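Starting from the given sequences, assemble the full structure and let the hints guide the process.
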Amino acid sequence: MRIDADAALHAFVEGRRTALFHSAYLLCGDRHEAEDLVQSTLVKVVLGGRRYGRLDNIEAYARKTLVNTYIAARRRFWRREQSYGEMPDRASHAPDTDTGLAVRAALARLTARQRAVLVLRYWEDMSVEATAELLGMRENTVKSHTARGLAALRAEMVEEFV
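The sequence shown runs 2 to 163 under the working numbering.
Just so you know, not all the hints are guaranteed correct.
Stated by the list, open to error - Computed spacing ranges between beta-carbons, pair by pair:
| id | residue 1 | residue 2 | range |
| --- | --- | --- | --- |
| 1 | 65 | 112 | 40 to 46 angstroms |
| 2 | 159 | 135 | 29 to 35 angstroms |
| 3 | 109 | 15 | 58 to 64 angstroms |
| 4 | 137 | 19 | 22 to 28 angstroms |
| 5 | 130 | 161 | 28 to 34 angstroms |
| 6 | 151 | 11 | 39 to 45 angstroms |
| 7 | 126 | 100 | 16 to 22 angstroms |
| 8 | 15 | 112 | 44 to 50 angstroms |
| 9 | 26 | 135 | 38 to 44 angstroms |
| 10 | 26 | 76 | 17 to 23 angstroms |
| 11 | 31 | 128 | 36 to 42 angstroms |
| 12 | 76 | 99 | 32 to 38 angstroms |
| 13 | 31 | 151 | 30 to 36 angstroms |
Since the hints were derived computationally from the structure, they do not count as laboratory data. None of the values given here were measured: they were computed from a predicted structure. Here a beta-carbon is modelled for each residue, glycine too, at the ideal position from N, C-alpha and C.
Structure below.
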């Protein structure tokens, strides 16, 4: 029985490796990272198949493992670092602190709901639906707060820099 399970896992790995790679590449956008992701996923699938004995839907288990492994890797601190082959010739541009201060001051003058909607929509990159659910508002209310808040920010920024 163990030989049949191992043979099924081996057949799955051989038959689905390319399809998993395509999905991994779409997730990562990098060939080498996608190869690493598929390798990690397949190791987890094989170990999971041996641990649990028989997986009812090995394809679904593999896809879920692929996505969960990708998300977990994105949370790691070292993923936020970027390595460079060569050191840049000059330092990066200094941040524009005046603009940052002006935007934060303009945000502070908005109503609390407008500020919350703008931060969630544009800083946290949440959808209208997710923002509405999180704040307990209707989607149309989120849209109107977004429009009014952006209009107020634009007006203040024009006054600040003109």
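Regarding residue 65 and residue 112, is the given constraint of 40 to 46 angstroms on their beta-carbon distance met?
42 angstroms, holds
Is it true that the C-beta distance of residue 109 to residue 15 lies inside 58 to 64 angstroms, as the hint says?
59 angstroms Cβ-Cβ, so the 58 to 64 angstroms window holds.
Per the hint of 22 to 28 angstroms, is the separation of the Cβ atoms of residue 137 and residue 19 within bounds?
45 angstroms, violated
Holds or violated: 29 to 35 angstroms for the Cβ distance of residue 159 and residue 135?
Taking Cβ atoms as reference, residue 159 and residue 135 lie about 30 angstroms apart, which means the hint holds.
Status of the given 17 to 23 angstroms range, CB of residue 76 versus CB of residue 26:
20 angstroms, holds
Range hint compliance [Cβ, residue 31 to residue 128, 36 to 42 angstroms]:
Given range 36 to 42 angstroms: violated, Cβ gap about 26 angstroms.
Assuming the hint says 28 to 34 angstroms, is it satisfied by the Cβ distance from residue 130 to residue 161 or not?
Given about 33 angstroms between the Cβ atoms, the range holds.
Can the suggested window of 16 to 22 angstroms be confirmed for the beta-carbon pair residue 126 and residue 100?
Holds: the Cβ-Cβ distance is about 20 angstroms, inside 16 to 22 angstroms.
The hint says 39 to 45 angstroms between residue 151 and residue 11; measuring C-beta to C-beta, is that right?
56 angstroms, violated
Between residue 15 and residue 112, is the Cβ distance one that fits in 44 to 50 angstroms?
Since the Cβ atoms of residue 15 and residue 112 sit about 59 angstroms apart, the hinted range of 44 to 50 angstroms is violated.
Hint says 38 to 44 angstroms; check whether the CB-CB distance for residue 26 and residue 135 agrees.
32 angstroms, violated
Would you say the C-beta atoms of residue 31 and residue 151 sit inside 30 to 36 angstroms of each other?
Holds - the Cβ-Cβ distance for residue 31 and residue 151, about 34 angstroms, lies within 30 to 36 angstroms.
Checked against the numbered hints listed earlier, the structure breaks hints 4, 6, 8, 9, 11; every other hint is satisfied.
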